[in-house]
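**Q** Let's have the full structure, built from the sequences with the hints guiding it.
Here is what each chain is made of, one letter per residue.
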Amino acid sequence: MSDLAVAAVLAAAILLASTVSVEIGISVALFELALGVVVGNAFDLSVPDWLSFVGSFAGIVLTFLAGAEVDVPQLRREWRASVSIGAVSFAAPFLVVMAFAYWALGWNRGQAEIAGIALSTTSLAVVYAVLVETGLNRTMIGKRIMSATFVTDFGVAAALSILFLKPTVWIVPFVAASALLVFGLPRLSPWFFARYGNRVIEPEIKLVFASLFLLMWLGGRAHSHAVLPAFVLGLALSKHYARHRKEQERLRVVAFAFLTPLFFLKGGMSVSVGALWANLGVLALLFMAKMAPKLASVYPLARRYCAPHAGFTTLLMSTGLTFGTISSLYGLNAGIIDRTQFSLLITVVVLSAIIPTVIAQRFLQPSAAEEQRRTAEPALDEAG
Amino acid sequence: MPFKRILVAIDGSEGSNRAFAKAVELARLTGALLIALAVEGPLPAYAATVGEVEEVRREKDAFFGALAARARREAEAAGLEVEVDVRPGHAADLIVRFARERDADLLVVGHKGHFLQDYLLGSTADRVAHHAHCPVMIVK
Chain A
764 MSDLAVAAVL AAAILLASTV SVEIGISVAL FELALGVVVG NAFDLSVPDW
814 LSFVGSFAGI VLTFLAGAEV DVPQLRREWR ASVSIGAVSF AAPFLVVMAF
864 AYWALGWNRG QAEIAGIALS TTSLAVVYAV LVETGLNRTM IGKRIMSATF
914 VTDFGVAAAL SILFLKPTVW IVPFVAASAL LVFGLPRLSP WFFARYGNRV
964 IEPEIKLVFA SLFLLMWLGG RAHSHAVLPA FVLGLALSKH YARHRKEQER
1014 LRVVAFAFLT PLFFLKGGMS VSVGALWANL GVLALLFMAK MAPKLASVYP
1064 LARRYCAPHA GFTTLLMSTG LTFGTISSLY GLNAGIIDRT QFSLLITVVV
1114 LSAIIPTVIA QRFLQPSAAE EQRRTAEPAL DEAG
Chain B
31 MPFKRILVAI DGSEGSNRAF AKAVELARLT GALLIALAVE GPLPAYAATV
81 GEVEEVRREK DAFFGALAAR ARREAEAAGL EVEVDVRPGH AADLIVRFAR
131 ERDADLLVVG HKGHFLQDYL LGSTADRVAH HAHCPVMIVK
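Top line first, the protein sequences correspond to chains A and B.
Numbers 764 to 1147, taken from the working numbering, label the letters of the first sequence in order.
Numbers 31 to 170, taken from the working numbering, label the letters of the second sequence in order.
Mixed in with the good hints there might be a few duds.
[As the list claims (entries may be wrong)] Pairs of lysine to aspartate or glutamate, EDC-like flavour, derived with a Cα cap of 20 Å:
1) A:1009 <-> A:834
2) B:90 <-> A:786
3) B:90 <-> A:1012
4) A:1009 <-> B:91
I should point out that these hints are in silico values taken from the structure, not numbers from a laboratory.
**A** Structure (structure tokens):
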């Protein structure tokens, strides 16, 4: 199939995913992944080079957006609870999944590390949707959960960038450029955006894209990955975007209309249904290897910091989607994991977006009004 | 039987517009208090980005804010006051709970809403009629 024919099929799939997502009320990303699986397996299509390239960039844009969505002042206020819950939420499943994949499944060290990273994530977006829908995002418990999620994702981004690092001399310009952008862009952006922003040609988005491409290029030359600096760069600009919502909205439009659909379709197309079918037992075990340490490690801390909703908090911290997909695709693109391993990891990631969320919402969801009443007094005390 | 509290569910669809008009008419005839509930549908579940959720939320807030304002204007034009409440959630469940919470003695809903689920799972009106604690008028 020619590149244009593939593009036409994918464009139709993207359109279908968007419309069905609006009608059903389920995230467009899940439909893009699912349609990617259908297109990839039914038409026996492999991922063309152009899609791989655009998809890789889209993954970095997604990481940047995730960083830009962090509420830094809130994180500072709740750092003790956030760091405690977020750190164990990353470390426990990372270690358990890695050990399980290495010793029980016989995967090599790199493959086991990718499995550990991909299955240790917590999805800020999944968590955010649940909290907003119930009004819990305005409560103390909701704010703590969101901040803890950021810490977990930071752990994932750091692990992905550091564990596979095989330093060359290019590490110096990579680190220098990362530092320059992280410290320089927030200072440059008010002037740059004031002078060049609010135009249909979008120089401010081009500045962000140019920065991300630079990080990807230097990261590649340094045998590292741009995910950590992209995440931190987003974080550094989060304050700016909080004040300039329109800019963030336009960046999202570009990302969601063109880039992220190709990222998730690429992920779906790389899944082998046959391999999954042949490894259903391994799939179930990997799912347990993610869930068991998440539940066991987060629950005691959630009892301490998020009582009386420890079960709800623990289940939300067990969700995963975007960073799990990014990590798995990195492993596949870098040749660290094969297509079967990728198929297993991405399926566990998607299952972990759905199953804990459904259980938390159906059985353990606290009432926002009650929670606000319960925390009103301590919150006032803290404010005073 | 005169009604004291009429609750009408609105979502901006043609069916709900007809239901609202009928509820206004009934409230005027009976002197009942008119309450309108606009149910914002759920946010995208299992979202991949916070942006996707935030943008949908903003769109919903704008849409349902305008819907509530329109309901107030139309009721005012008919010489009535209306209490409008906008809440997020799943339509049928929320309408039934809200009706009980506000002690409504008549619930007015449109025959068909917006969503594909109506076709797959049965309409919101069907589910409300099945579970409501008070009489339900389904307006076609």
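**Q** Does each hint hold? Answer for all of them.
**A** Results for each hint:
1. Proximity of residue 1009 of chain A to residue 834 of chain A is assessed by CA-CA distance (about 17 Å); at most 20 Å being required, the pair is judged to hold.
2. Taken as a hint, the residue 90 of chain B and residue 786 of chain A pair is honoured in the structure, with Cα atoms around 14 Å apart against an allowance of 20 Å.
3. For the given pair, residue 90 of chain B sits about 15 Å from residue 1012 of chain A by alpha-carbon distance, which is consistent with the 20 Å threshold.
4. The suggested pairing of residue 1009 of chain A with residue 91 of chain B holds, with an alpha-carbon distance near 16 Å, which does not exceed 20 Å.
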